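Protein sequence lines correspond, in order, to chains A and B. Each residue of the first sequence is one higher than the last, beginning at 1 in this note's numbering. Each residue of the second sequence is one higher than the last, beginning at 1 in this note's numbering.
Hint data in this document are derived by calculation from the structure and do not stem from the laboratory. From a predicted model like this one, the values you see are computed outputs, not experimental measurements. One should not assume that every hint holds.
Copies of one chain are not kept apart here, so a pair can be met inside one copy or by any two copies together.
When the alpha-carbon atoms are kept at most 27 Å apart in a straight line, the in silico DSS-like pairs for lysine-lysine are as follows [what the hints assert, rightly or not]:
#1 Lys91 with Lys121
#2 Lys130 with Lys91
#3 Lys149 with Lys61
There are 2 protein chains.
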Amino acid sequence: MSTDPRLFIDAPLSASAAIPLAREDAHYLINVMRRGEGDVVRVFNGRDGEWSAVIAHASRKGAGLTVADQTRPQQGVPDLWLMFAPVRRSKTELIVEKATELGAAVIAPVVTERTQSDRIKFERLQAITKEAAEQTERLDLPELRTSEKLAAVLDNWPDDRLLIFCDESGDEADAAWGGARGRGQPMAAALAGAGDRPAAILIGPEGGFSPAERDRLRSLQHVVPVTLGPRILRAETAAIAALTIWQSTCGDWR
Amino acid sequence: MSTDPRLFIDAPLSASAAIPLAREDAHYLINVMRRGEGDVVRVFNGRDGEWSAVIAHASRKGAGLTVADQTRPQQGVPDLWLMFAPVRRSKTELIVEKATELGAAVIAPVVTERTQSDRIKFERLQAITKEAAEQTERLDLPELRTSEKLAAVLDNWPDDRLLIFCDESGDEADAAWGGARGRGQPMAAALAGAGDRPAAILIGPEGGFSPAERDRLRSLQHVVPVTLGPRILRAETAAIAALTIWQSTCGDWR
């Protein structure tokens, strides 16, 4: 694997194309990575695959690349969404970074009844997806959505998409359901046979889902309630673990 | 599930036992959690299960508990070790916290040829395992080991323990092995049938393993080389993902 720096560039890529660099990208290449004129970088835009490119000019006024050859054809990630209730800032940023590394196609903050923080720094999170995609050898960025209320998300749920409901509330859920409907199955077992179906993972806030939310979720036909082991995971750990199990069971880690 | 605060206490627990609290635990209960005399907490020591206890006294001079009833019998975690090359401090701390949540029995930093940082703040990491175990409803703490060189670890490798070698080096490994020995299998597939065998996960540094290390690892009989999907994961992400897949395939998430 090449150790040339990688950049996501929002511009068409083809042989000999001249690409002016955004200020942050120029700073990263020249000042952080210590590259200069004539050095090779790799670029991708989410559509045209990965290309090698050469730093054509670099000065205080800016820098630009000249695209050379395609190094990899375009390849996407499996059709998996991560929906999560925003937690405090550092944890939300960790979730977005790791969801990008773990190959989520869509990252969607959802506001539940017990969500403590619905403030999302959208541009900051977008920058995190870009940096994580560059480092993780992805050829696209995940689609980062703006926050939406869980109720509205469920109102418009696409019929063909499995909703994997990570219900980390343990005994509380047992009690609420009087044992009658039971808890979810272990996630890997619950996904057996779900192979190539579009899917979404739903992770609740630290305080869990409300009884009304849990009631509605469990009544929907495309919802699969799952458990993530006998210990209680923090929200960001649950998100990372659920993405991993899905990729390993249904996604492109098979 | 009770929302009473939980504390790991390194003392024997039995009905009516009087437990003086360490200063940090007293601070956490009284100042952070705003509990006072007569309030209920839960305690565990890694041996005697979980007990309810009452705050018997709390003043500037200190605080103490009186143990009441056992709330859960002792239960351990599966026999899984996480061995990882220390990375920069915040990432090492994340790995230790998440390994505790994900139920590793042993957490062991190993120094490889390309390990960039072999300084481990042992007491700080121990405090992280304690806090994570308290929050995650574990009934024990993982055993945190001091750093050891990979070569020494392999010299003394126990015969019955599987060594799951996460080789995130991608094409570099392909090239080094000339395709002859191939890359590892996807981890879940590689572990099929490894059910109740003691195991250890080995995660390398950001720079990967050296050719000599890879050579030695791949020549050992109890080593299973595995891959974690087509993207390149950062070290801490690889650690969390590998722990998740093991628990889901061989551990107590089944």
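Violated constraints from the hint list, given by number and in increasing order
Hint 3 is the one this structure does not satisfy, whereas the remaining hints hold.
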